[in-house]
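S.K.: Residues per chain are reported as follows:
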Amino acid sequence: MNGNPFLDALVWLGDPSRWSGPAGVPVRTLEHLGYTALGVLIAALIAVPVGLYVGHTGRFKGLTVAVAGAARALPTLGLVTLFALLVGIGLTAPMLSFVILAIPSLLAGAYSAVESVDPATVDAARAQGMTERQILARVEIPLGLPLLIGGVRGATMQVVATAMLAAYVGSGGLGRFIFQGLGSQNYPQMIAGSLLVIVLALVLDLSLLLLQRLTAPRGTAA
Amino acid sequence: MTWILANLGVIAEYTGAHLLQSLPPILVALLLSLPLAKLCNARGWLRTGVTTASGLMYAIPSLPLFVLLPGLIGTGVRSPLNIIIALSLYGLALMVPTASDAFRSVNRDVLGAATAQGYAPGARFLQVELPLAGPVLLAGVRVVAVSTISLVTVGGVLGVPSLGMLFVDGLRRGIVAEIAAGIIATAALALLTDALLVLLGRAVMPWTRRQEGRRP
Numbered sequence: 000m001n002g003n004p005f006l007d008a009l010v011w012l013g014d015p016s017r018w019s020g021p022a023g024v025p026v027r028t029l030e031h032l033g034y035t036a037l038g039v040l041i042a043a044l045i046a047v048p049v050g051l052y053v054g055h056t057g058r059f060k061g062l063t064v065a066v067a068g069a070a071r072a073l074p075t076l077g078l079v080t081l082f083a084l085l086v087g088i089g090l091t092a093p094m095l096s097f098v099i100l101a102i103p104s105l106l107a108g109a110y111s112a113v114e115s116v117d118p119a120t121v122d123a124a125r126a127q128g129m130t131e132r133q134i135l136a137r138v139e140i141p142l143g144l145p146l147l148i149g150g151v152r153g154a155t156m157q158v159v160a161t162a163m164l165a166a167y168v169g170s171g172g173l174g175r176f177i178f179q180g181l182g183s184q185n186y187p188q189m190i191a192g193s194l195l196v197i198v199l200a201l202v203l204d205l206s207l208l209l210l211q212r213l214t215a216p217r218g219t220a221a
Numbered sequence: 000m001t002w003i004l005a006n007l008g009v010i011a012e013y014t015g016a017h018l019l020q021s022l023p024p025i026l027v028a029l030l031l032s033l034p035l036a037k038l039c040n041a042r043g044w045l046r047t048g049v050t051t052a053s054g055l056m057y058a059i060p061s062l063p064l065f066v067l068l069p070g071l072i073g074t075g076v077r078s079p080l081n082i083i084i085a086l087s088l089y090g091l092a093l094m095v096p097t098a099s100d101a102f103r104s105v106n107r108d109v110l111g112a113a114t115a116q117g118y119a120p121g122a123r124f125l126q127v128e129l130p131l132a133g134p135v136l137l138a139g140v141r142v143v144a145v146s147t148i149s150l151v152t153v154g155g156v157l158g159v160p161s162l163g164m165l166f167v168d169g170l171r172r173g174i175v176a177e178i179a180a181g182i183i184a185t186a187a188l189a190l191l192t193d194a195l196l197v198l199l200g201r202a203v204m205p206w207t208r209r210q211e212g213r214r215p
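As given, the protein sequences belong to chains P and E, one line each in that order. Under numbering that gives the first Met the number 0, the first sequence has 100 at position 101, and the numbering climbs by one with no breaks. Under numbering that gives the first Met the number 0, the second sequence has 56 at position 57, and the numbering climbs by one with no breaks.
Hint data in this document are derived by calculation from the structure and do not stem from the laboratory. Quick caveat, the model's predicted, so the values are computed rather than measured. Among the hints, erroneous ones may be present.
Unchecked claim - Reference excerpt, derived from the structure (chain P facing chain E, CB under 8 Å, subset only):
(1) Pro4
(2) Arg71
(3) Thr80
(4) Leu85
(5) Glu114
(6) Tyr186
Just so you know, even glycine gets a beta-carbon here, dropped at the ideal spot from N, CA and C.
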C-alpha cells in the first residue's frame, strides 16, 4: 500500500470481502440511503404542508424566507455533535440534525412551487367554483411540482452529505469507511469511502433532476 | 458559559484560522468568476458545459472532496490548503453561473450607448457593465460567503484547525458549552460577514440604496 493512493483505493474496492457482511459496502450504502430517505421524509412531513400553506395564503412569507436563510448559516457538524451529546450516541441524534438541515430546502421548494403559479390561473380556477383545497391540490401543486421536487432534491443532497457524519457519532453509513480509515491512517480506504459517497450523491442528484424534468407539466418550461 | 469565558483565547485562535480558510475561497470565487463568466457568455457551448459541471460539482459532498484533494495535489490530509481549494471550487460552481446571468441581465442598448460615447472595451466593462451587474453579483457572493464559512467547520473531523475543532473537542470531552460556542461563533461569523457584504454593496453601489426596502 505504498503506491498511488487512488490505485490502492481501487484495490480496496475490488476486494470481494468488502462487498459482503454487515460492515460491507452494500450494507453501508443501504444504511446511508435509509438515513437519507428517513431524514428527508420526516422533514417533508413537517415542511411541505407549512410551505404549501405559506405559498397558498401568502401569510408568514417574510418569516419563512428568514428562517430558510438563517438555517444556511448553521454548521452541520455542530448540530450533529450537539445532539450526540444531548441525546446520546445512536441514530436519534444525527436524525434530528438531518431533519433540521432538510427543512429549509423543502420549505422553500414547497412555498415557491405554489407561488410560481400564475395568479390569473388561480383566479380562473376560483371563478370556475373550485374550493381553496381543490385549487391547491388540482392547480397549484401539479403546476409547481418541478419546484417542489427541486426542494426535495436540495434537501436530499444536504442530508446525503451530512449522513456521513452519522458515522462520526457512532452510527453506520458510508462515513464509516472514511472515519475508520482516518483512525487507522489508511488513506486508500478513506479515498474509497469518499468515492462511494460521491457516486451515491451524484446518482441521487441526477435521478431527482430527471424526476424534476419528467414532472414538468406539458407546455411549461421547467 | 464558564467554559467559554475560560477559553476565549482558544476560540479567538480558531476564529482566526477559520477566517484564513474562508476568506480566500470567497475572494477566489468572486474574482475568478468574472472572467470565466464573460468567457462563458461569449461561447454558448462553454456556458452549457459550465452550467452542467457546476451542478455536478455542487452535488459532491464536502467531506469526500476534502479527503480526495490531498491525493490529487500532494498535500497532507490535515492541510488547510485542501479546505481552501475545495471551498474555492464550490464557490466557483455557484458564482460562475450567477455572474454569467448577471452580465446577461445588463441591457445591450446601454452597452451600445456607452460604446457610442467613446468608452474603450476595458473602461466600458469596469465603469458600465460591472456596476450594472453588481447587485446580482453581490447576492451570489453573499450566498457563497455564508455557505463557505459554515462548510469550513467540516474540516474539523479531519483535524484541520477551525471553529469546527470546538465540535470535535467538545464531543470528545463531553462539553456541551464548547459545541454551543462553536455553533454560535460560526453562525455569528457568517451573519457578520453577510452584513459587512451588504454594507460594502451599499457603499460601492449607492444607487441600490433606495431599492433595499423592496429586496427580500
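S.K.: Against the earlier hints, flag every one the structure doesn't satisfy and list their numbers going up.
M.R.: Per hint list: single violation, 5.
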